[in-house]
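Participant: Listed here are the chains, written in short residue letters.
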Amino acid sequence: MTAMTMNGAIRSAIDVMMERDNNVVVFGEDVGYFGGVFRCTEGLQAKYGSERVFDTPITEGGIIGAAVGMGAYGLRPVVEIQFADYVYPGLDQLISEAARLRYRSSAEFTAPMTVRMPCGGGIHGGQTHSQSPESLFTHVCGLKTVLPSNPYDAKGLLIAAIEDDDPVIFLEPKRIYNGPFDGHHDKPVVPWSTHALGDVPDGYYRLDLGRAAVRRPGSDLTVLAYGTMVHVAEAAAQETGIDAEIVDLCTLLPLDTETIQKSVDKTGRCVIVHEATRTSGFGAELSATVQELCFYRLEAPIERVTGWDTPYPHAQEWDYFPGPARVGAAFRRVMAAR
Amino acid sequence: MTAMTMNGAIRSAIDVMMERDNNVVVFGEDVGYFGGVFRCTEGLQAKYGSERVFDTPITEGGIIGAAVGMGAYGLRPVVEIQFADYVYPGLDQLISEAARLRYRSSAEFTAPMTVRMPCGGGIHGGQTHSQSPESLFTHVCGLKTVLPSNPYDAKGLLIAAIEDDDPVIFLEPKRIYNGPFDGHHDKPVVPWSTHALGDVPDGYYRLDLGRAAVRRPGSDLTVLAYGTMVHVAEAAAQETGIDAEIVDLCTLLPLDTETIQKSVDKTGRCVIVHEATRTSGFGAELSATVQELCFYRLEAPIERVTGWDTPYPHAQEWDYFPGPARVGAAFRRVMAAR
Amino acid sequence: MIEDVPLRFGIPTPPARPGEMADFSYLEVPAAGTVERPPIDTAPKDMRDLAYTMIRVLDDDGAAVGPWNPELDVTSLRDGLRAMVMTRSYDDRMTTAQRQGKTSFYIRCTGEEAIAVGHALELRPDDMFFPTYRQQGWLIARRWPLVDMACQVFSNEKDRLHGRQMPIMYSARDVGFFSISGNLGTQYVQAVGWAMASAIKGDTRIASGVVGEGTTAEADFHHALTFATTYQAPVILNVVNNQWAISSFQGIAGGSRSTFAARAIGYGIPALRVDGNDYLAVIAATRWAAERARTNRGPTLIEWVTYRASAHSTSDDPSRYRPVDEWKSWPLGDPIERLKTHLITLGVWSEEQHAALIAETDAEVLAAAREAESYGTLLDGRVASARGIFEDVFKDMPEHLQRQRRQMEDER
Amino acid sequence: MIEDVPLRFGIPTPPARPGEMADFSYLEVPAAGTVERPPIDTAPKDMRDLAYTMIRVLDDDGAAVGPWNPELDVTSLRDGLRAMVMTRSYDDRMTTAQRQGKTSFYIRCTGEEAIAVGHALELRPDDMFFPTYRQQGWLIARRWPLVDMACQVFSNEKDRLHGRQMPIMYSARDVGFFSISGNLGTQYVQAVGWAMASAIKGDTRIASGVVGEGTTAEADFHHALTFATTYQAPVILNVVNNQWAISSFQGIAGGSRSTFAARAIGYGIPALRVDGNDYLAVIAATRWAAERARTNRGPTLIEWVTYRASAHSTSDDPSRYRPVDEWKSWPLGDPIERLKTHLITLGVWSEEQHAALIAETDAEVLAAAREAESYGTLLDGRVASARGIFEDVFKDMPEHLQRQRRQMEDER
Ligand SMILES: Cc1ncc(C[n+]2csc(CCOP(=O)(O)OP(=O)(O)O)c2C)c(N)n1
Ligand SMILES: Cc1ncc(C[n+]2csc(CCOP(=O)(O)OP(=O)(O)O)c2C)c(N)n1
Ligand SMILES: [Mg+2]
Ligand SMILES: [Mg+2]
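Residue numbers (this note's numbering), protein chains in the order written: chain A, 1 to 338; chain B, 1001 to 1338; chain C, 2001 to 2412; chain D, 3001 to 3412.
Because the hints were derived from the structure by calculation, they are not lab data. One or more hints might be untrue.
To be verified - The calculated DSSO-like cross-link candidates involving lysine-lysine, where the alpha carbons are at most 27 Å apart (straight line), are:
| hint | chain 1 | residue 1 | chain 2 | residue 2 |
| --- | --- | --- | --- | --- |
| 1 | B | K1047 | D | K3201 |
| 2 | C | K2328 | C | K2201 |
| 3 | D | K3395 | D | K3201 |
| 4 | D | K3045 | C | K2045 |
| 5 | C | K2158 | C | K2328 |
| 6 | D | K3395 | D | K3158 |
| 7 | A | K47 | C | K2201 |
Note that the coordinates shown come from a computational prediction; the quantities given were computed from them, not determined experimentally.
Kindly produce the complete structure, drawing on both the sequences and the hints.
Facilitator: Structure (structure tokens):
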């Protein structure tokens, strides 16, 4: 075991897989010699050569389109979109091609690939370096969507994603690359080395896609969260003294409805937290699902705490970011409901 | 008043607006001399000239990108995407540009435009001529999304969309261009001339965006639907004898939550119907919203009847399409719930 | 200082609309055999003129002339002719089937047969072709079973694609034919990615991708050329310029300002502009580009000049936007007639033999169509089971899809 | 029949990495004044060679030579120099402010000042510029208030964009400067759409769009050229080739296979390749392209050859991927130095005057920055109110946003 940052764990996962399977290739903007703007591929080109780790022209559509062709050939591309905010030019190749190739060819051709992208705010990136587009991917049948909250999961899930024979969207909350972040931006940064899940095996291990993890058992209410918001929810639980059971979804699609149902059936109350804009965010699907599965156990309306329905502002970032105060307020409302 | 088909009403709306405002320009693939593959712009180039109605190269990204620039100049582009299934190459210009230009420039620049696109299945179009991507647009702040269910609404709403100073996505359920369709594909086609809402004023009129319409008052349960599904729900109500109140949303964003809440508070039961795939479809947002607004009035779980989470199949279209049988089954389950 | 003039909007218009005389004066047609054939190691910058002319081998008398003559033996010529004639027979039969309601939709390639057929017979079995919906000639030339083709078009129980895909959206990995996408152009950059993969692995397989001239406007055309040049991918990038994109003539895609072959120049990619209705030119140009790719000289773009003789699809009515008889005045003629004439001039073919060939291919197609019909059509509803629509969304069916499948079956 | 060789993956590599000697031998630099200037009504096909050479006016001794010499009067030359120097002073000041934490981010344009400044002073007040984040020289040349620029960078209470946008994402309609997008390339096709609109209305305004060489790979580059040629839009399409795209050298975008100017050829668009560090060449090329556009001769693409002398942004560390001193060996030098030398050779300028000018612009910028700071910075938190983040999402705030705003205020 080694203390790893989240980007370190991601690099380690790719390294392990490149070592094991020489069909794994890595490409994207600035990922080669430079090692990526968030250093997630640092050292890989030197180790595996520029035929397996290389820079690409600046075109997200071209990157994903080429990856589809490579996947069809038999490679396992692991591509990086520099920021999730820039994935849109590549959506057609994801939605119309990667996600449907297996189906439309009755499995004659497939497009295994992992599309990594940093997401989320909290780094003063403004509207074009802060977005969380996960819900768009979950609406596309044929894509799996993963969004880890810590280094240990990030590595295990990324290895599972690379081994998966279907296209996987792998979102990385950039605010927690270097340490868990609970929303208290005014407090000093905590490094992953202080966190249990910052302790990561050096070698190969995988965490199956589609399994949620209960980060904090509790009896008062259930929190459904993922990525950075898992840490924010923990802070809110601590600060409100409300005994929240925090479910870290880890994979958004396929969704672990069993773990979700078990928890909400127990607590009877549910708060959903995500950073993405509210309307048609993944919280909507979660709320609808919980309502369908646990209707007769619900003692209070399900609440969604999310980013506002505006672009992510730069200067007012912390008024936008769903921090512990807003999550705590939702906890109290949900507990107060009768 | 004239009996109009839905595409006739759409053509009439564009005609009326081109007549009133010479900043309105129309372009897209095959919309010029030919008048569009669904004839929605027939005769307009002859009437207004090829400077205001013209064919474009085949590039949805280019079409929407050019429209942003034209909107910024002061024109009101009304562009056609030949099928909603082909809008994805244009999503970046919609999401990153059209939807955000006003915000990021603090209203120095804006991108008024209407993006029309036929959507939905039922015409044996297979996975690339049948999609309903509306929920993706509703997740993008800065876009309005409209989806009419009949000629009268289509014209009034399209006029409002063209006059709107913000970008509006205007989805047209192609299966009902020529007549209301209730899902009984084996029955003879009914023309709009037999339908009250096929009777359309020839001149200018507008229906405000953001208002839902109660198509059928009822006391047993509330149906939230739009487009083709409004007619399917009517058939299901008739066939089950269940007194459903059918709310036609007309505009998905901004959403008329007042009408929705009023109805569900009254009936205490809610069924949501759409043709799009289920996971993270707009039904998820509707279910979450109803649950938030009407939790204490709900007597049964909210049900979603939707397309399955698979691409739209060609030969098995009618096993995929959410027809009266499936909607009726949901009605019964919801009524049986205690 | 120049004085102000009001700006003008410049929109290209086709030479002729319905009721007007067809007019192809915009197309310069050099005499066959007049364009030189550069060695395959020629630098792109030294052959730019090939993007503005037209490589032609068959002259007006049906003789094969000039440096591009591939010198095919008679058997190869006959195989090519047979595949083209078979393709037309197949298109005729399926068009009829569509009128009879046995299928919902069909797309013909009439007038363009030489391109897919020649390409298929010149490339190697393990190369991969990334086609459009108008390249059925490849399947026929590679002898993919006509019955399987028809079963796909009829969406019946034996359709290898289980009725999921619209008619003509074939997928035939066994003959190097990539799954057709309904989304224009997406396959083009995929072909480049596939070719890059072959190079990364140090294999010997090359790729060939196709788009129509209208589709060159899509982003993936640009993505393909950018990746192909940057990584020198072993790929052939074909642009089938059949003059029309549904109702839009090639000028709308920019064809009035330059050739589509010339698009390659700015990327440093060599370009050939070829008479697509000249079977021998198709073989020769394909061979030249394939040899470049196989010898690590990178990508080649080929513009095939041809004409879409039929409607865009069975849903289209071209008489609404172009002269009905435009095809008759098309300067490059009919690829089948031209190869036939060539064989006759060579003295190895006759009108009688040709008539017999047509009868034979018609019969073969009819038999195949009959057999396919016996497995069902959209009309009689004998299609793949609905259960199957939940398969192949993912490799392993996730629980939510299993749940949905159960629900579908319960609610029947 | 050729024998099989294993295919090779070809990936371009930059001439020098950290620790290696800078090497610009890949760049051919013709002597100033040697490239002819075609009349503005020249057909694109008759001037393709201009895409492969380099238009230069200032020779090594600082003399203005050749047919492209715009013959500017001394005042115009001084104005240009002043704006360039001011731009550099401003970049210096803002870089310091970023180090002090007064802003989260900054982007310099050092070494590229001539392009935006010359372009701004040559085009007309009512034309529209669709810039990248590296064109601040336009704002300064057009005398947009330095205080307003700094307020935007500081995201303070006087920021015209209310702190919503990242620093340097200016919007300045009053000086024809379109709102900067964080998404690369999107503005390029918008510039074409804007120009099409001007033509549709029969107005006289033209547009100019910019992308970096790295961004030519994005779809919108292709969309822009396709629309521009089809509709002959009155637009100037600029490619600023500063050799680097963050850590990727220009070869990754295809620059090792051809020039970026040449991309225009295949669309039938005339292309100029210009020494972007030569202020007079910038004026001359802009003038030539603008006159074409204003006289209904359509679009022109201009590749500006320059060098990104500074880091990509304050978040970047170029010493990780290129020789730290690469800038010193850049063959085209420093645009400010070159124009200064020219003025001195003309006898209308001196080292003393130049030093005085720098002192003056530094002082002016400092004063502006101080004033801006007095309205707040990110550091002291005096930023636009949070209420404002709900405005301008739509023209009229819909009810759900009003609700969310109330909730935000309640939960404080
Ligand atoms: C992305 C996308 N946009 C639009 C369409 C609708 N469409 C189908 S075929 C076609 C015309 C294509 O013309 P061309 O590329 O010249 O090919 P051709 O049909 O002439 O062979 C169009 C616009 C589509 N299938 N996909
Ligand atoms: C669509 C998109 N993809 C990626 C990025 C990240 N990014 C910002 S600047 C940059 C490099 C651009 O290089 P170039 O176009 O040469 O412009 P330069 O910075 O050299 O002026 C990249 C990759 C982005 N902003 N937008
Ligand atoms: Mg065509
Ligand atoms: Mg650059």
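Participant: If a hint holds in the structure, say so; if it doesn't, say that too.
Facilitator: So, going through the hints one by one against the coordinates:
no. : hint                : verdict
1   : K1047(B) x K3201(D) : holds, 17 Å
2   : K2328(C) x K2201(C) : violated, 48 Å
3   : K3395(D) x K3201(D) : holds, 25 Å
4   : K3045(D) x K2045(C) : holds, 15 Å
5   : K2158(C) x K2328(C) : violated, 39 Å
6   : K3395(D) x K3158(D) : holds, 21 Å
7   : K47(A) x K2201(C)   : holds, 17 Å
Checked against the numbered hints above, the structure violates hints 2, 5; every other hint is satisfied.
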